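Q: Please model the entire structure based on the sequences and the hints provided.
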Amino acid sequence: MPRSFMVTIVVIVGLVTGDSIGCSQPDATRASDQQTQQPTDEPTDLATEQREDPPTVQEQEADPAAKEEAEQKPTVIASPQRSKELLVQYEGFLDELKKPAFVRLSPDHEIWIHPKKKAVVVSAHICLRQGQLEMFACPRRSKEHESLVSVHAKSSLVHAGLLAIGAKVGKPVQYQPEYKPARGTIVDVFVLWKDRAGESHAVKAQDWIRDWKTKKAMKEPWVFAGSQFWVDPVSKKQYYSADSGELICVSNFSTATLDIPVQSSQSDAALLFEAFTERLPPLRTDVRLIFAPRQAKKPDKPAAATASGDPDNL
Numbered sequence: 022m023p024r025s026f027m028v029t030i031v032v033i034v035g036l037v038t039g040d041s042i043g044c045s046q047p048d049a050t051r052a053s054d055q056q057t058q059q060p061t062d063e064p065t066d067l068a069t070e071q072r073e074d075p076p077t078v079q080e081q082e083a084d085p086a087a088k089e090e091a092e093q094k095p096t097v098i099a100s101p102q103r104s105k106e107l108l109v110q111y112e113g114f115l116d117e118l119k120k121p122a123f124v125r126l127s128p129d130h131e132i133w134i135h136p137k138k139k140a141v142v143v144s145a146h147i148c149l150r151q152g153q154l155e156m157f158a159c160p161r162r163s164k165e166h167e168s169l170v171s172v173h174a175k176s177s178l179v180h181a182g183l184l185a186i187g188a189k190v191g192k193p194v195q196y197q198p199e200y201k202p203a204r205g206t207i208v209d210v211f212v213l214w215k216d217r218a219g220e221s222h223a224v225k226a227q228d229w230i231r232d233w234k235t236k237k238a239m240k241e242p243w244v245f246a247g248s249q250f251w252v253d254p255v256s257k258k259q260y261y262s263a264d265s266g267e268l269i270c271v272s273n274f275s276t277a278t279l280d281i282p283v284q285s286s287q288s289d290a291a292l293l294f295e296a297f298t299e300r301l302p303p304l305r306t307d308v309r310l311i312f313a314p315r316q317a318k319k320p321d322k323p324a325a326a327t328a329s330g331d332p333d334n335l
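So for the sequence shown, the working numbering puts the first residue at 22; every next one is plus one.
In case anyone wonders, no lab produced these hints; they're calculated from the structure. Owing to the predicted nature of the structure, the values given are computational and were not obtained by experimental measurement. Honestly, I wouldn't trust all of these hints.
Unchecked claim - For lysine-lysine, the following DSS-like pairs were computed, each having C-alpha atoms within a straight-line distance of at most 25 Å:
id: 1; residue 1: Lys139; residue 2: Lys119
id: 2; residue 1: Lys234; residue 2: Lys105
id: 3; residue 1: Lys105; residue 2: Lys164
id: 4; residue 1: Lys236; residue 2: Lys164
id: 5; residue 1: Lys257; residue 2: Lys240
id: 6; residue 1: Lys120; residue 2: Lys138
A: In structure tokens form, the structure reads like this:
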């Protein structure tokens, strides 16, 4: 793992825990590697936030009449009851995200941690509403042509944030010598947003994705695979692979930060998932994604032994 990334993780963990955590290094870290992004107290309100993104390819090519008709239809909420429960659980996550409840991880990226609720929060927007998918979410200006959500933060910051709140990184998918699925802590992903009338909604990310054969919502969870690093052969600099797009994947990528733990091809002819269009808000709707790692269950206490002491009766 590159020293610069280790420094970022140490800084973030220190912000969350309030501790000063050091890490040993074999030699002095270069000044350029020591530049980590510090949090800011400047709040961001999802309702008033302004973006300077150029229109996506889909927006430029969309038929205006069809787009207008689609956006006039009300968004279908898969489970209104679950939406209410999630809005209660994550009350305030659509408003200004300020200290002490939220810790912003970068002044240049819209990503926060809620230490008490063990959640990573990022701002994003809808960038695609129809078609087959390789990703659910990608970093902004990367792979919006095959993702539903464009995230306003780097994948590497999401990775560091997940580590800071206790998620355990596993390993990406493996194809040789045999297929092994991605593994790691299961991470639940929720989406919160406000519609044009100002009403708040919340769903599981899977509710926006469906199996293209069965037309039913995706059931598979995501695991914290952790992507990988690669070295530029010219500059010799190391980079976090998922920063190029593979943040939350529905096709297996060895570069994915979050992947599904089942076999899912990247081949265009074999893509398994597509957008659940009628459940998606209009293009460019601002949303917040919540990454919530599932906490490891404590092992059950062993049952009391019987009078006979027979281990088969435990």
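Q: Now, for every hint given, state plainly whether the structure supports it.
A: Okay, the hints, checked on the actual structure:
no.: 1; hint: Lys139 / Lys119; result: 16 Å, holds
no.: 2; hint: Lys234 / Lys105; result: 30 Å, violated
no.: 3; hint: Lys105 / Lys164; result: 31 Å, violated
no.: 4; hint: Lys236 / Lys164; result: 24 Å, holds
no.: 5; hint: Lys257 / Lys240; result: 41 Å, violated
no.: 6; hint: Lys120 / Lys138; result: 14 Å, holds
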